[in-house]
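Both chains are sitting in their own frames, so use the hints and assemble them into the complex.
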Amino acid sequence: MSADILNVSDASFDEDVLKSTLPVLVDFWAEWCMPCRMIAPTVENIAETHKEKLKVAKMNVDENMKTPSKYGIRGIPTLLLFKAGEIKETMVGVQPRDKIVEIISKHL
Amino acid sequence: MRPIEKCDVVIIGAGPAGLAAALYTGRARLKTIVLEKGLPGGQILMTDWLENYPGFPEGIRPFDLAENFRRQAEKFGAIIETDEARGVRKEDDLWGVEGQNREYAARAVIIATGAAYRKLGIPNEERFTGKGVSYCATCDAAFFKDKIVAVVGGGDNALTEAIFLTRFCRKLFLIHRRDRFRAVKILQERVLANPKMEVLWNSVVESAEGESCLERILVKNVREDRTFPLQLDGLFVSIGMDPHTEFVKGLMELNEWREIKVKPNMATSQAGIFAAGDVAEACPKQVITAAGSGVAAALAVIDYLESLGG
Chain A
1 MSADILNVSD ASFDEDVLKS TLPVLVDFWA EWCMPCRMIA PTVENIAETH
51 KEKLKVAKMN VDENMKTPSK YGIRGIPTLL LFKAGEIKET MVGVQPRDKI
101 VEIISKHL
Chain B
1001 MRPIEKCDVV IIGAGPAGLA AALYTGRARL KTIVLEKGLP GGQILMTDWL
1051 ENYPGFPEGI RPFDLAENFR RQAEKFGAII ETDEARGVRK EDDLWGVEGQ
1101 NREYAARAVI IATGAAYRKL GIPNEERFTG KGVSYCATCD AAFFKDKIVA
1151 VVGGGDNALT EAIFLTRFCR KLFLIHRRDR FRAVKILQER VLANPKMEVL
1201 WNSVVESAEG ESCLERILVK NVREDRTFPL QLDGLFVSIG MDPHTEFVKG
1251 LMELNEWREI KVKPNMATSQ AGIFAAGDVA EACPKQVITA AGSGVAAALA
1301 VIDYLESLGG
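Same order as they appear, the protein sequences are chains A and B.
Using this note's numbering, you'd call the opening residue of the first sequence number 1 and step up by one each time.
Using this note's numbering, you'd call the opening residue of the second sequence number 1001 and step up by one each time.
So here's chain B without its partners, still in its complex pose (with noise of 0.2 angstroms):
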């Protein structure tokens, strides 16, 4: 049997809305731990420039934001640990937390948990990923200069990973299912100026083909139900993100695509359970929105908490 680290909120993922929600729930003296399996900040991490985030009209770096999250959390007695959360269950009042290295109890608990990016479930995808197949434009890009490149998708994600990847690579064609994007309007104006850039409207990705590396894709234009294929080094997928609920799944209800259901304070089926951010449903995939829903979380658990008395 493992030492169980007893508080008063354990939470999930040390990205923009758990640590909103551990500045909160700090400044209300809960003991608060904080549970982080790879490094505070998230998601945010993945991208090179956050130009979006309110009160930093120069932009901010997301690694310096992320920083700035986690001193400001930790300023007010949060705990961050590195150990990730495997599984939540009910023992006696209060909610047991397994991690990787510890066990953990709390009266409350918020998942923050956020999501990870979607494959495209195409042959060869696994085969060629560090190959040629990449999911992080900011990681890969330098291995890919005066290269030809695609991106899969039509979001904010798909387009900003493009625009960047145009700094290094010859040639980028943008690959979307459908006849217009889904981006914000100022990211389609910038696509559709750069002049590296070639958008292939109405076309899927069916296979990656290759010897050791991808050296070539074959797309489909599903309009006109024609299959060609496209000569190119890599191919960076940014079709979304699915969220990390695996190890809650059958604890709390989830939605269709596996986010978790919550109702308006950010309450989730189980009472003492608050989900945050991009695990949540009805969150919009932005860092402001998931601080916010952390924020709102750790104010329901402050309420539950009281009403629990104690």
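So here's chain A without its partners, still in its complex pose (with noise of 0.2 angstroms):
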């Protein structure tokens, strides 16, 4: 995985998500959900070209259930924009890079 991304748990969605001075970008994925990581490569591009701006993380559903369930996510891919500790925006399922880029621009 890219140096740019961070992995967080259900033990550390609080300090590293909720508390973080930039927006986080969550990528909500598991093992052996293809379309997850179809859209991989896509959210790595995000991470490097945008990380003056956001925070990128992952969070792997199947060993963190707390947080998924917490926020309603019954399908992944799931991308979920956090700022100052509230969702702004969640995309689900895989996406074109453009209309990602566009709307995580509106809240940088």
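You may find that some hints are simply not true.
[Stated by the list, open to error] DSBU-like, lysine-lysine: derived pairs with alpha carbons at most 30 angstroms apart: (1) A:Lys88 / B:Lys1145; (2) B:Lys1031 / B:Lys1261; (3) B:Lys1285 / A:Lys99; (4) B:Lys1006 / A:Lys99; (5) A:Lys83 / A:Lys106; (6) B:Lys1147 / A:Lys66; (7) A:Lys106 / A:Lys66; (8) B:Lys1196 / A:Lys70; (9) B:Lys1119 / A:Lys70; (10) A:Lys70 / B:Lys1145; (11) A:Lys88 / A:Lys51; (12) B:Lys1147 / A:Lys70; (13) A:Lys70 / A:Lys88; (14) A:Lys99 / B:Lys1249; (15) B:Lys1145 / A:Lys66; (16) A:Lys99 / B:Lys1090; (17) B:Lys1171 / A:Lys70; (18) A:Lys88 / A:Lys66; (19) B:Lys1261 / A:Lys99; (20) A:Lys66 / B:Lys1196; (21) B:Lys1171 / A:Lys66; (22) A:Lys106 / B:Lys1119; (23) B:Lys1119 / A:Lys88; (24) A:Lys99 / B:Lys1119; (25) A:Lys88 / B:Lys1147.
[Stated by the list, open to error] Just so you have them, the derived chain A footprint on chain B, three or more residues with Cβ under 8 angstroms: (26) 1035–1045; (27) 1119–1131.
[To be verified] One side only, chain B facing chain A, incomplete, derived with CB under 7 angstroms: (28) Thr1082; (29) Ser1212; (30) Cys1213.
Just so you know, the hints here were simulated from the structure itself, not pulled from any lab data.
Every residue gets a Cβ at the ideal spot worked out from N, C-alpha and C, and that includes glycine.
This is the structure in structure tokens:
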């Protein structure tokens, strides 16, 4: 995984995501989810190109069940954009890079 | 002006069609670049197991098959780039392909961009996507352990997804608009023998309802003209695919389903551009036929470039 991406867990979510000073894009994924793997290069690319303005994190939903259920996630990949501890955007499924960038840019 | 990557053939899409084509153009010593916006393999990665790809009597994991396709294409020189094609245009005697990251120019192009799942087009479908509405059972089945779900569709894919889902869910309604399935017989037998499964024939989904997550759908039996609510947690949509042709709209002839029209050798209405796999018309939506049409397109490209000379 790219160095620009932070792996987060149920335990670290509060600290790493909700209390982050930068907006955080969280990619909820699992090993067996192929569309998650399909979208992974796009997420990595965004982490690289937006590293000044955005923190990018990944959460494995197999290893972490509390956070996905807290946010009502029933499908992956789901990308959530958090700003000041609140969800600003929700994107479900494989999305083109342009669309993701357009959506998150409103909050950066 | 961005730097231009020049080559003999640009193949757009690294699914079975694109990678099979790349293997053949690579072996013909044509400089081949394959553009893939996601992960090599394409749609097959959406399913958990392939049992109808000839040569693998025990079946094969789609991810492994995709890896084999990729390795074999790369072995003969194909370069796979993570990039998304946004458009194709004529540039002197070359075809220019505008990518997300770079520009490419090639003497011939093979479009193998495949297709994406079709939506139902019912109220609240978008709102509940990821909150109960799903298009990928292998991705999302685990969220529906011991829950009630429905699958919409009657083709091979719908029945395969339904069978897979019964490993997780408590109860599954299979909703189909006709009075018989289109799917292959062996899948029908498995569905009808599955105790968790209940088929709702002649039925369509009218809307999705709920507060923050999907809670129920409205189902209409079209034969009896009767509408009733169905309480459930998940709705899996499997009603076919739409080809990825937006980026070449206006450039070449498409049929009424927006698939690219092709001649028997996979040539499109533009000289030097070929199409293969699910994006091309009349290609049965199977992995083996996608690969086969990719090979046909590659052979046609080889002929075409030889006829041009150079």
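Each hint, compared with the structure:
1. A:Lys88 / B:Lys1145: holds, 29 angstroms
2. B:Lys1031 / B:Lys1261: holds, 26 angstroms
3. B:Lys1285 / A:Lys99: OK: B:Lys1285 and A:Lys99 at ~28 angstroms, within 30 angstroms.
4. B:Lys1006 / A:Lys99: holds, 28 angstroms
5. A:Lys83 / A:Lys106: holds, 11 angstroms
6. B:Lys1147 / A:Lys66: holds, 18 angstroms
7. A:Lys106 / A:Lys66: holds, 28 angstroms
8. B:Lys1196 / A:Lys70: holds, 29 angstroms
9. B:Lys1119 / A:Lys70: OK: B:Lys1119 and A:Lys70 at ~27 angstroms, within 30 angstroms.
10. A:Lys70 / B:Lys1145: Judged against 30 angstroms, a Cα distance of about 17 angstroms means the pair holds.
11. A:Lys88 / A:Lys51: Within the cut-off at roughly 19 angstroms; holds.
12. B:Lys1147 / A:Lys70: Holds. B:Lys1147 to A:Lys70 sits at ~18 angstroms (cutoff 30 angstroms).
13. A:Lys70 / A:Lys88: holds, 16 angstroms
14. A:Lys99 / B:Lys1249: holds, 20 angstroms
15. B:Lys1145 / A:Lys66: holds, 16 angstroms
16. A:Lys99 / B:Lys1090: holds, 27 angstroms
17. B:Lys1171 / A:Lys70: holds, 24 angstroms
18. A:Lys88 / A:Lys66: Measuring from Cα to Cα gives roughly 20 angstroms; hence the hint holds.
19. B:Lys1261 / A:Lys99: With Cα atoms ~29 angstroms apart, B:Lys1261 and A:Lys99 stay inside 30 angstroms; holds.
20. A:Lys66 / B:Lys1196: Since the Cα atoms of A:Lys66 and B:Lys1196 sit roughly 28 angstroms apart, the hinted pair holds (cutoff 30 angstroms).
21. B:Lys1171 / A:Lys66: Measuring from Cα to Cα gives roughly 25 angstroms; hence the hint holds.
22. A:Lys106 / B:Lys1119: Status holds; Cα separation ~27 angstroms.
23. B:Lys1119 / A:Lys88: holds, 25 angstroms
24. A:Lys99 / B:Lys1119: holds, 18 angstroms
25. A:Lys88 / B:Lys1147: At roughly 29 angstroms apart (the allowed maximum being 30 angstroms), B:Lys1147 and A:Lys88 satisfy the hint.
26. 1035–1045: It holds, with 5 qualifying residues against the three required.
27. 1119–1131: holds (count 3)
28. Thr1082: holds, 5 angstroms
29. Ser1212: Constraint on B:Ser1212 satisfied, holds at 6 angstroms.
30. Cys1213: Holds. Min distance 6 angstroms.
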